[in-house]
Amino acid sequence: MSAIVSIPLWANLLAVGIGSLQGALFAAQFRDRRLDLLGVAIIGVATGFGGGILRDILLSEIPQALLSNWYLPVATASALIGMLLQRILTRIHALITALDALTIGLFGAIGTTTALALGLPAIPAVFVGAVSAVGGSILRDLLLNVPIALMQVGSLYAVAALVGAASLVALVAAGAAPWVGAVVCVVLTFTVRVLAVLFHWTLPEQRPLRRG
Amino acid sequence: MSAIVSIPLWANLLAVGIGSLQGALFAAQFRDRRLDLLGVAIIGVATGFGGGILRDILLSEIPQALLSNWYLPVATASALIGMLLQRILTRIHALITALDALTIGLFGAIGTTTALALGLPAIPAVFVGAVSAVGGSILRDLLLNVPIALMQVGSLYAVAALVGAASLVALVAAGAAPWVGAVVCVVLTFTVRVLAVLFHWTLPEQRPLRRG
Amino acid sequence: MSAIVSIPLWANLLAVGIGSLQGALFAAQFRDRRLDLLGVAIIGVATGFGGGILRDILLSEIPQALLSNWYLPVATASALIGMLLQRILTRIHALITALDALTIGLFGAIGTTTALALGLPAIPAVFVGAVSAVGGSILRDLLLNVPIALMQVGSLYAVAALVGAASLVALVAAGAAPWVGAVVCVVLTFTVRVLAVLFHWTLPEQRPLRRG
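Chains as they are written, first to last, in our numbering: chain A, 1 to 212; chain B, 1001 to 1212; chain C, 2001 to 2212.
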């Protein structure tokens, strides 16, 4: 079963590559983990298409990334490039944050439209879209055995994905063409995420109600 | 495919809500994790219907919780209520332990009967039932990056679920109506869990055979 | 859907048993985790057929291990034997490393041929084969909340599985009978793993490119 909005393979691979590169850069902070080259490749693959794999597992389908020979080599190569060039890449790190914001928007749009195409109701479709967008970063943190970054006070990573996916579902419910919803989803996710990073927007930390 | 024993939606949602509330109360102990509101919601969702999601993934079906608009809002709202009212809720914590024991009994009965309905043999059906019952608490601990509580010396949380699921399978094999098995499963799970908490029943800790 | 190469049930169970025993021996190092008997059994089950479960989840099928009453009791019993006899077993630990190398070869061959039989392309088939081989050890480390051993500088555990799976796919692509590929896969995985342990072969640790 395919998404309502079909994304060309090269765009998909580009998004996977950016995710994997990000994953390897993130892993580079943990020198004490003594990751070897294969460890870096595993983190890259998990970050790059872990979200898509979780999406397809939730939808009870064989993961899209396992139906083509392209995804695994692209993710592995991107992760190793990220590891080798980390000094250069951390200098252009604003660009990479921007590309990553685009990537989560794209993955969110693919996930949400796929879920709608399979007949899921509105709210689960938003959930599946958000999992597609940020699931890779959750898998990355699980495999590195560090606290899940996106659950902590931070810069609206998952919130951006939720806002984008919700806008897509609302637009489609209001009668818009799916591709319109998908474009709005990518733009909104990107905007919320980039503005949150620029202006340090965060969600409040967990806290109990205070008395009187 | 549906369970032999069908549980009304409101009972299901109540069980999910109690699970999510429990998850948020548990997460509140980890202030050093700096969870934000979304983090609390994610823990709530994972605890509340993580077991059901694992069950449906094992059974190769789209998770029940993604086929209705109700589960996600109920789980999210319960988690946030758990976070806000944690001072009151920890005072009625005996009641919450009791409700939770009911919840794992209910999830175990749903999981076990669903597995039997799909034609799984007896022992895997007990396994799927136990995973349905306690899988949410495993996901919760994985996401919080803390040791899995139910694998440690404690108060027969998973054992209660296993006893309940095994009694259900045995009764159905002996010719009882599935609803009878389900009721016995809920009652036994509840009883074993509550007695274990009251009387500090535990399983022995791992240890090697001693010589002579 | 079944693998091209069918492995007799007893061989499958033997491999699961060796994996579970290994898992319990590994868990025994972590006395501070305070695992109880059920915790040991869970680690055993996860190590013994976690890889097969991940394989079937990726392939969107009900896990093979849940279609028979044999797997769960064999895995649980092997884990408890591993726990009880750890003093004897660590003395014959060369034998256990060798048996485990055979086990990952066997799981890799089953996983790879199953993926090919379902029509997956070559590279994803290698990936699924490697996940089948080493997925149990990843699940074990996740559940124990320790860093994933196979991503760290070590003794070519996952590399051995990848080499074996790749050889199988290459041979089948070149027209060899699947059982020939499977035998070569087991032999190569075993050889690479055992030689790596004997001669301390490792992959390089992650590192950035150095300047000039």
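Some hints could be false.
To be verified - Here's a subset of chain B near chain C, in silico, CB distances under 8 Å, partners left out:
id, residue
1, LEU1058
2, LEU1059
3, ILE1062
4, PRO1121
5, ILE1123
6, VAL1146
7, HIS1200
8, PRO1208
For the record, the hints were derived by calculation from the structure and aren't laboratory data.
Every residue, glycine too, gets a C-beta built ideally from N, C-alpha and C.
Checklist line | Minimum beta-carbon distance criterion (8 Å), B:PRO1208 to chain C | finding: 5 Å, holds
Note to self: Hint validation: B:ILE1062 versus chain C, beta carbon distance must be below 8 Å. Holds or violated?
What the structure shows: 11 Å, violated
Check: Does B:LEU1058 meet its interface restraint, that is, does its C-beta lie within less than 8 Å of any C-beta in chain C?
Finding: 6 Å, holds
Next item on the list: Have a go at the B:ILE1123 hint: is there a Cβ in chain C nearer than 8 Å to its own Cβ?
Entry: This hint holds: B:ILE1123 lies near chain C, its Cβ roughly 4 Å from the closest one there, short of 8 Å.
Note to self: Does the closest beta carbon of chain C sit nearer than 8 Å to the beta carbon of B:PRO1121?
What the structure shows: 5 Å, holds
Checklist line | Agreement of hint B:VAL1146 with chain C interface, Cβ distance less than 8 Å | finding: 7 Å, holds
Next item on the list: With chain C as the partner, please determine if B:LEU1059 meets the hint condition of a C-beta pair closer than 8 Å.
Entry: Holds: closest Cβ of chain C sits about 6 Å from B:LEU1059, inside 8 Å.
Next item on the list: Against chain C, run the beta carbon of B:HIS1200 and see if the smallest gap drops under 8 Å.
Entry: Where the cut-off is 8 Å and the nearest Cβ of chain C is about 13 Å from B:HIS1200, the hint is violated.
The structure is inconsistent with the numbered hints 3, 7, although it conforms to all the rest.
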